Each structure stands twice: as C-alpha cells, then as structure tokens.
Amino acid sequence: MTLLWIGDAILIVVVLPIVIYLLAATLQAAKSIVPSVRSIAATAAAGSKDLDAAALLLTTQDQVSRTVAGVADYGGSLDVILDDAKEGR
Amino acid sequence: MIVLAIPAAGWVLIVAVLLIVLALVYYLVSTIVALRSITSGLDEVIASVTEIVEKSAPVNDVVNAINKDLDAGVDMLEALLVKKAGMVDAVGLVDGLYPGAAAAGFRNFPESTKVEAPRISEVYTKGTLTLARLGREAPIAAANPAGPVLRNVEAGSLAARLLYPSVRHTAPPELPRSPVIGTDAPVQYEQRDDIGAPRKRLPASRTGGG
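So the sequence lines, in the order shown, correspond to chains A and B. Quick note: the first sequence, position 84, residue 84 per the numbering used here, numbers continuous. Here the numbering used here = 1-based position in the second sequence + 89.
Relax, there's no trap hidden among the hints.
With a straight-line cut-off of 30 Å between C-alpha atoms, the simulated DSSO-like cross-links for lysine-lysine are: (1) B:Lys157 / B:Lys173; (2) B:Lys173 / A:Lys86; (3) A:Lys31 / A:Lys49; (4) B:Lys203 / B:Lys173; (5) B:Lys157 / B:Lys172; (6) B:Lys144 / A:Lys49; (7) B:Lys172 / B:Lys203; (8) B:Lys157 / B:Lys203; (9) A:Lys49 / B:Lys157; (10) A:Lys86 / B:Lys172; (11) B:Lys157 / B:Lys144; (12) B:Lys203 / A:Lys86.
None of these hints come from the bench; they were simulated from the model. As the structure is a prediction and not an experimental result, all values here were calculated from the model.
All chains should be built: construct the whole structure from the sequences, respecting the hints.
Here you go:
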C-alpha cells in the first residue's frame, strides 16, 4: 500500500507536470509557426500578383522588334543619303 | 461492490491517470488545430508559388529575345555611325553627347577605346553644334565646356527663334499700330462727296463698242 501511495505521488508530482510542460511547449511551437506561414502566404500571393504584368512582356517584345525594324529602315535610308566618312578618319 | 473495494491509493492513481489523459487530449487537440492551420497556410503558399513559377516561366525567353533585338539595333547604329562619321568623329560625337562614354568605346569596335575623343566643337561647325544642343537639350548642352547652356529647357524659345530671320523675333521697340477708325479716331478724314452719288456714265466709246 505504501508503494502505491509513492507511485501516486510520483505520478502527480513528477510525471503530470513533465507531460504538461512538454505538450505545452509543443503547442506553443506549433502556434508560433502559424503567423509566419500566413505571412509567407500573403507575400507569395502578392508576388504572384506582381507578376501579372509579365504577360505584357510579349507586347514589349513585339514593340521592341518593330522599333528596331523601324530604326533599321531609317539607318538604311541614312546609309543611302549620307556619304561615308573619308578614309583615314 | 468491486469499486468500493478499491483502496484510496487506487482512486488517487485513477484520478492521476485521468488528469494525464485530459492534459494529453487538450494539448494534442490544440496542436492538431495549429498544424491544420499551418497546412492550410502552406497550401496557399504552394498555390501562389506555383502561379509565380508559371507566370515567370516565359520571362527568360522573352527578355533574351528583347535583348537580342536591342543588340542588333545597337550593332546597326554603331556600324552606321562609324561608317558615316568615321571612328574618330564618332567617338567624339558620342563623348560630346555623353561625357565619359568614349572610355567605354563602341561594343563592336574594340579599337574605339584607344581613340582619343576630339572635342565636338572642334570637329563640327558652330551651326551644327548649336542645332545639336537645341535639339538634344540636356546632355550636350549641359556638358558644353565652352559656355553656358544655350537652351532653357523649361521656358526658353528665343534661342530657337534666333535661328530664323524675322523682324518680329528680333523685337523692335514698337511696331506701327493699326489705324484707328470711328468718330473718336485721332485722325478724321473729310467725307467724300462722290460717295452715295449716282455713278458717272462711262465714256460712249466703251459702251457703244460692244
């Protein structure tokens, strides 16, 4: 009977606090991750939204191609109109 | 009867075990809820990151194509400038527009870095330099070593107007004013008698000749 009381005492005084401490620490760690994950999710969503304009790069590419073609046309005309530099310059 | 046979130490043991089980249930359920929240948050992150990957996938190819087109344009313009102006004048013109650019030279002409850039005002005539300054505004005008900027880019138009011969643009003190008419006019003219009178007959030779 004495041993049973000693076991009860150990269970209540030692085991129960240790179990509660470990579980509380685990819960606290898990809860501390939640805001970080939400922040990461918001940042990723904002980054994805920022990239919506990436599709316009195709328009930019087309405009650049046309502009370079126009410059090439002007350059060809200037090549015809203007005399070449004299030799030795 | 069996329950009553349990000693007090046994009841304490049962209560202690129940407390431990309750603590386990409470904290583990709370941890599960937190982990589910983390999982849902990570799902959102994965979805957004997937979108980022999909949206940014063609960017590299498009940017490379744009750079390729721009490189072709730069190559063409450099070649044209060197062909038409000559290496020395081309370097001088570029250095005049963008001071210090002569040190970098032309991309497709490595020998251009060894060319000593002439002062643009010594290569081109004053008129050409003036037109260049007026047209290109900031770079060449601001970097002109010989004098002040010729053009006030915000409000100045006199420099451009001076290029053209014009009486009004040279601003004489006062041009003749338009005549003032009416009863209050400073100069009054006498009324002519023939105004309102019957028209004179034309000579007979003109009327009868037709």
